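Visitor: Generate the whole structure from the sequences, applying the supplied hints.
If you read the protein sequences in the order shown, they are chains C and R. Letter 189 of the first sequence, counting from 1, is numbered 189 in the working numbering, and no numbers are missing. Letter 212 of the second sequence, counting from 1, is numbered 212 in the working numbering, and no numbers are missing.
Be aware that a few hints might be false.
If chains are identical, the list can't say which one is meant, so a pair holds when it fits in one copy or spans any two.
[As the list claims (entries may be wrong)] Below, simulated SDA-like cross-link-like pairs (lysine to any residue); rule was C-alpha separation at most 25 angstroms, straight line:
no. : residue 1 : residue 2
1   : 223       : 27
2   : 223       : 39
3   : 296       : 332
4   : 296       : 43
5   : 250       : 30
6   : 223       : 324
Keep in mind the hints are simulated off the structure, nothing from the lab. The structure presented is a predicted model; accordingly, all values stated were derived computationally and were not measured.
This is what each chain is made of:
2 protein chains.
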Amino acid sequence: MKIKFTALVFMLTFVQTTLANTAEVAVQHFPNPSTVSQALQPLVSGEPPSFWNDHPKTNSEWHQWVDTIAAQTLKTLPMLKERMQVSVTATQLGNVNAFMVTPKTIAPYNQNRILLHFHGGGYVLNPGEAGTAEAIMMAEYGKINVISIDYRMAPDFLFPAAVDDALTAYRELLKQYPAENIGVFGTSTGGGMTLALMLNAKAHDLPLPAAIVVGTPWTDLSKTGDSYFTHEGIDNVLVSYDGWLGDAAKLYAGDHDLKEPLLSPIYGDVNDFPPTLLVTGTRDLFLSNTIRMHLKLRDAGVAADLVVLEGVSHAQYLMVSDAPEAQRYFNEASQFFDQYLAN
Amino acid sequence: MKIKFTALVFMLTFVQTTLANTAEVAVQHFPNPSTVSQALQPLVSGEPPSFWNDHPKTNSEWHQWVDTIAAQTLKTLPMLKERMQVSVTATQLGNVNAFMVTPKTIAPYNQNRILLHFHGGGYVLNPGEAGTAEAIMMAEYGKINVISIDYRMAPDFLFPAAVDDALTAYRELLKQYPAENIGVFGTSTGGGMTLALMLNAKAHDLPLPAAIVVGTPWTDLSKTGDSYFTHEGIDNVLVSYDGWLGDAAKLYAGDHDLKEPLLSPIYGDVNDFPPTLLVTGTRDLFLSNTIRMHLKLRDAGVAADLVVLEGVSHAQYLMVSDAPEAQRYFNEASQFFDQYLAN
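Guide: Structure follows, in structure tokens:
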């Protein structure tokens, strides 16, 4: 950022007074970091997704937008499933749609364990099987059964539909597995859903799972937290809260305050939470979402481990299934679950 | 950063071709984060130190620069010592100058323990008692004796003088305490010195201490690591590698490669390191210096804990002695040592 500050202030003023509805954020470019794996470098140095600054207005526009992105994701799944050698079967937990993801080999110590997965996507993206990629990788890396929840989303179903589905699914799973044999995980919105489920399960006096893993969790749906500002234009996945992300937060929340704990778990009571592994990256727009929860958990005496990945923007560790960064995420998660789950 | 990228590229090109010797970096300004403590907010939203982009040329200029900054620091010490109620006494370990820092009350479980401290300052700053602030706070927060090493520095003494002093002092301390009753810690260069001492102690077949705490450690003296680039202008303490910092690295290293492990411990063999707590902040220029070491330690099977502080630039948690961020650093460090040190 080698520009003079006075000139910058002038340009800021100029651009801000000429803004339209979309976020005007400079996507910043940096030297390709030698400290990131070869496999991930093209993504780390690449351009943001073309849709980061889209702003669908009507329900119909949201559906079209979600469907277009989901279609792209679905194209990548057959190859991922083949590489990971897992089977994915549509099922239900209670009346909630889900996918059972089964690896070719289940480790002996995982025979009686199950992982419950919530996908990411801002409570709008990744409907149906499009939400299963993380579950597929976890099943294979961890050699463990995973059940991935296809929870209801906006614009058709607003808060608290998604967290209701999460609770229903978890309640049903408790009929099949003791809580101490269950782990829960997810990235981004899936991490937020995982944390919200803990709050909700506590409120309903359900036993909590043995451990949870939350990748770059969306713990604050309001634009609160330092890295929403400092990493704007640095994170090349989300780029800015003021892209599609903030719109999705408001769409899903409906009439509710964005800071209600089941929307933004950072405002909840995290006492008695199970051991928690949190993962983020040095460029992550959600760095603060992640570390604020980490600090809050530590304050509550919860066993909370933090891993920050070099050069990684939001959830980018999921995007190249055999990259060292993906291996690290799934291996750290697998070891964490193995450490805490009964069998 | 609400400026258009094409305009930015133009300005970058323009400015880079008209640069003089000093770094031209835009110091960025962000909304005052509500997620940072009231006590630290003035610093987080404040201007960088006036000297961040100074570039002393001769030994005489370096001395004058160091002395000016040390004089400012020394003015703050009487009040800090009074508030912390510690005594500071000049002493030696072997032939190395040091300060014995004794709290008013030593916790019963700390009677037979000692912490060895290395101060920060890029191998040039904080000579003599100016380097004791962190040791003073640790002694009081931890209710434990601390011995702070006044190691030799550039420009008068180049690498490996500092690491030689560290080894000499540690070797002497081993005559007074069993290794399992010793903890070692430091921030920035002090964190780098702590890690380099582990490498050096291994190479000399000395027993390693029970645990170490490294705050935002300078693990890579070359400009390698993502946050040197992404957090340039965001960190308002160091601001940029291309301020005084990079000059100090090259000055201290002399003819040596900046990537020699005793200069840049990230390139060392960290197998068998003691349990390590690492602390950094979301705005830290050394975020990558810290998390790269954290990941490397985990890969080596070392028990390594990471804490990232919200909104905090390089070593800023040391700067307001009763801020919650300072409390967190020193309390996390104290608990970590208590967990691993014998008594």
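Visitor: Give a verdict on every hint.
Guide: Okay, the hints, checked on the actual structure:
1. 223 with 27: both (19 angstroms within a copy, 22 angstroms between copies)
2. 223 with 39: Cα proximity of residue 223 and residue 39: across copies only (22 angstroms, versus 32 angstroms in one copy).
3. 296 with 332: both (21 angstroms within a copy, 13 angstroms between copies)
4. 296 with 43: between (32 angstroms within a copy, 22 angstroms between copies)
5. 250 with 30: Intra 32 angstroms, inter 23 angstroms, cutoff 25 angstroms: inter-copy only.
6. 223 with 324: Classified as between: cross-chain Cα gap 23 angstroms, same-chain 31 angstroms, threshold 25 angstroms.
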